[in-house]
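Visitor: On the provided structure of chain A, position chain B as indicated by the hints.
First to last, the sequence lines map onto chains A and B. Every letter in the first sequence is one number past the one before it in our numbering, and letter 92, counting from 1, is 92. Throughout, our numbering is defined as the position within the second sequence, counted from one, plus 307.
It cannot be assumed that every hint is accurate.
[As the list claims (entries may be wrong)] From the derived model, a few chain B residues whose C-beta atoms are all more than 10 Å from chain A:
(1) T519
(2) V541
(3) I611
(4) D612
[Said to hold, decoys possible] Simulated restraints on C-beta separations:
(5) Q73(A) / I413(B): 44 to 50 Å
(6) Q73(A) / R532(B): 28 to 34 Å
(7) R529(B) / E205(A): 23 to 29 Å
(8) E527(B) / S157(A): 30 to 36 Å
[Stated by the list, open to error] Footprint (simulated), chain B over chain A, 3 or more residues, beta carbon under 8 Å:
(9) 9 to 17
(10) 91 to 103
(11) 247 to 256
Hints listed in this document are in silico derivations from the structure and should not be mistaken for laboratory results. Cβ atoms here follow ideal geometry from the backbone N, Cα and C, with glycine treated the same way.
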Amino acid sequence: MPNPDPLLSVRDLRVQVGRRGPQILHGINLDILPGETYGLVGESGSGKSVTGLSIMGLLKRPLNVSAGSIHYQDQNLLKLAPRARRRLRGDRIAMIFQEPMTALNPVASIGTQIAEMFVIHRGLDWPAARRRAVEALDSVQVPSPEERARAYPHQLSGGMRQRVMIAIALACRPDLLIADEPTTALDVTVQAGVLKLIDELCRAEGTAVLLVSHDLGVIANMCQRVGVMDRGRLIEEQDTVALFSNPLHPYTRGLLAARPRLGSRVEGGRKRLTELEEIVPPNARGHDAPTLVTPRGVRAARAEATA
Amino acid sequence: MMGFVLRRVLQMIPTILAVVLIIFFIFSVVPGSFLTSLMAEGRNMTNADVLAQMNAQFGLDDPIPVRLWNYVSGLLQFDLGISYRTREPVTSVLGPRLWPSVQLAIAAMTFAAAVGIPLGFMAALRPGSLFDSLTMVTAVSGLSVPEFWLGLLLMYVFALQLGWLPSFGYQENSLRHLVLPAIALGVSPMALLARTTRAGVLDVMNADFVRTARAKGVSEPRLVRAHITRNVLVLVLTTMGLQIGSLMGQAIVIEKLFSWPGIGSLLVDSVSVRDIPVVQGAVLVIVLWFLVINMLVDIAYALIDPRIKVA
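Here chain A stands alone, though its shape is the one from the complex:
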């Protein structure tokens, strides 16, 4: 089956610090198909978030896009007038961020912050927008939404705030949701619920998702295709199943091997983490870092031996 036309297509995207500074992204190429969930993995500083922010047009100075194109439907976002681009933001392409604790305006009520979406993109008046905001809160499974709409961000837990962020992002039923580490700052017990919510809502609306994460488990569960980033380059792109069973690039293999796995500790010693080239300095290789903690497996084995 031939691939449908991509929803978003990024070509040779280059991001630079200032005019003559170092490059952060060295020519990223990626396509996001309508309705698919595309995962972007890589370690901190590999350029995942910068890619997401470039698509949104939210790069902070001195970062700037120095070359390339970002096509959404038939328009190059980088050539759009600021006003036209702003209209797309939030309406057609939405984004949620890593830190739900600080991502909401502390002095505006939750309801107002969601309602603002309907006011600026749908032209509703405030009372009507506030009613829609309560519905939106209900759709992200926030209990007693009417009461919560009157609450302020500091009165909500991190998980609830991230649900509010999702309600804001999906308020206008966008075509693409960029989720930048949406669960990293959350408690593990809350993470699964938030991810499931994003998955369900986007599947129901046919919203494509660009999921930025360093958590391979999250990516494996959520995404159909995965792109692996390393130092500003997209070095591998595969279907999720293929990537996890047969990683092609040595970096991807290293990244997969660096996952902590339950029950993988070896008795009588610690398993070495895979050392990635150019990240572990040559003179530090093969040395054990001093540790004060004996791994649980070793302790259990010793206890059995003495018993």
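Guide: This is chain B only, laid out in the frame that chain A set:
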């Protein structure tokens, strides 16, 4: 909310008590007295009978605890004592001075806020621009210029050279008389407000929720109006409250310079003749003003910032 206001008012009581004690003890141990200052004026006060009579009249012979008791019980009945100099009750000496002082403080603060806050905002929206640099240089100069010199300069230009405004004096309901002293007094809080606002706006501009607002597609004017302003206001309000509270005390020099009949000039005059009851009263008024303004600022906080608990 009413409970919050009430609690905030009650919290002032211990502070006021402490202030009253400090004022009383300081002025009962300062060297010199009204009588010695009369001698300095050349009057012959060596007559022991006269001294004893005056000491008895003002209750200066009583031991300190008795005088403290008399002072505090008088205060509770709004009796601040009798002025040594005019032999009038202190309350009726202070009364007519209060309104001019409040007027001057409010006018100076209005000027400071009306000029300083917009300047700080505009500077922060174009950081590093020529406008930004000019504003901040002006702000530093404003903070560094001595008030009396600025006052003299204003008098020279606007009263003497241009003849637009009166150079000194006070008239009831006369804005013309208020302008020059208010500006002279308001320049330094204006400069401080401009700097605080600029720093506050720059700080808030980098906040995560501003990025969220941009991601929502909020326009720049709406971003400043609906998201940044209220968050900055909390910071600015603190500076404003502290400034307006201390303006009455700071006004001493300006009041003397412009012959403004406020609490500050009364304080200076009374100190120079050791009219202790009036000095105590004036200091008490200045402190009370500070406390009341601070309380109002706290209440305003609770209205602006939902994170401040009012329950």
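Visitor: Are 3 or more residues of the stretch 91 to 103 of chain A near chain B, judged by a Cβ distance of less than 8 Å?
Guide: holds (count 7)
Visitor: Residue count check for the stretch 247 to 256 of chain A against chain B: does it reach three with CB-CB under 8 Å?
Guide: With 0 residues close enough to chain B, the hint is violated.
Visitor: Between Q73(A) and I413(B), is the Cβ distance one that fits in 44 to 50 Å?
Guide: 58 Å, violated
Visitor: Can we trust that D612(B) is non-interface, i.e. its beta-carbon lies farther than 10 Å from all of chain A?
Guide: 6 Å, violated
Visitor: For the range 28 to 34 Å, tell me whether the beta carbons of Q73(A) and R532(B) fit it or not.
Guide: For R532(B) against Q73(A), whose Cβ atoms are near 32 Å apart, the range 28 to 34 Å holds.
Visitor: Should the label of I611(B) as a non-interface residue stand, given a Cβ cut-off of 10 Å to chain A?
Guide: 7 Å, violated
Visitor: For V541(B), which was marked as not at the interface, is the minimum beta-carbon distance to chain A over 10 Å?
Guide: Its Cβ does come within 10 Å of chain A, the nearest being 8 Å, so this is violated.
Visitor: Is it correct that the beta-carbon of T519(B) has no partner in chain A closer than or equal to 10 Å?
Guide: Per Cβ check, T519(B) is inside 10 Å of chain A; nearest 5 Å; violated.
Visitor: Examine the stretch 9 to 17 of chain A: at least three residues should have C-beta closer than 8 Å to a C-beta of chain B.
Guide: violated (count 0)
Visitor: Given a hint of 30 to 36 Å, does the C-beta separation of E527(B) and S157(A) actually sit inside it?
Guide: This hint holds: roughly 32 Å between Cβ atoms.
Visitor: Does the Cβ-Cβ separation between R529(B) and E205(A) fall within 23 to 29 Å?
Guide: Holds, at about 26 Å.
Comparing the model with each numbered hint stated earlier shows that hints 1, 2, 3, 4, 5, 9, 11 do not hold.
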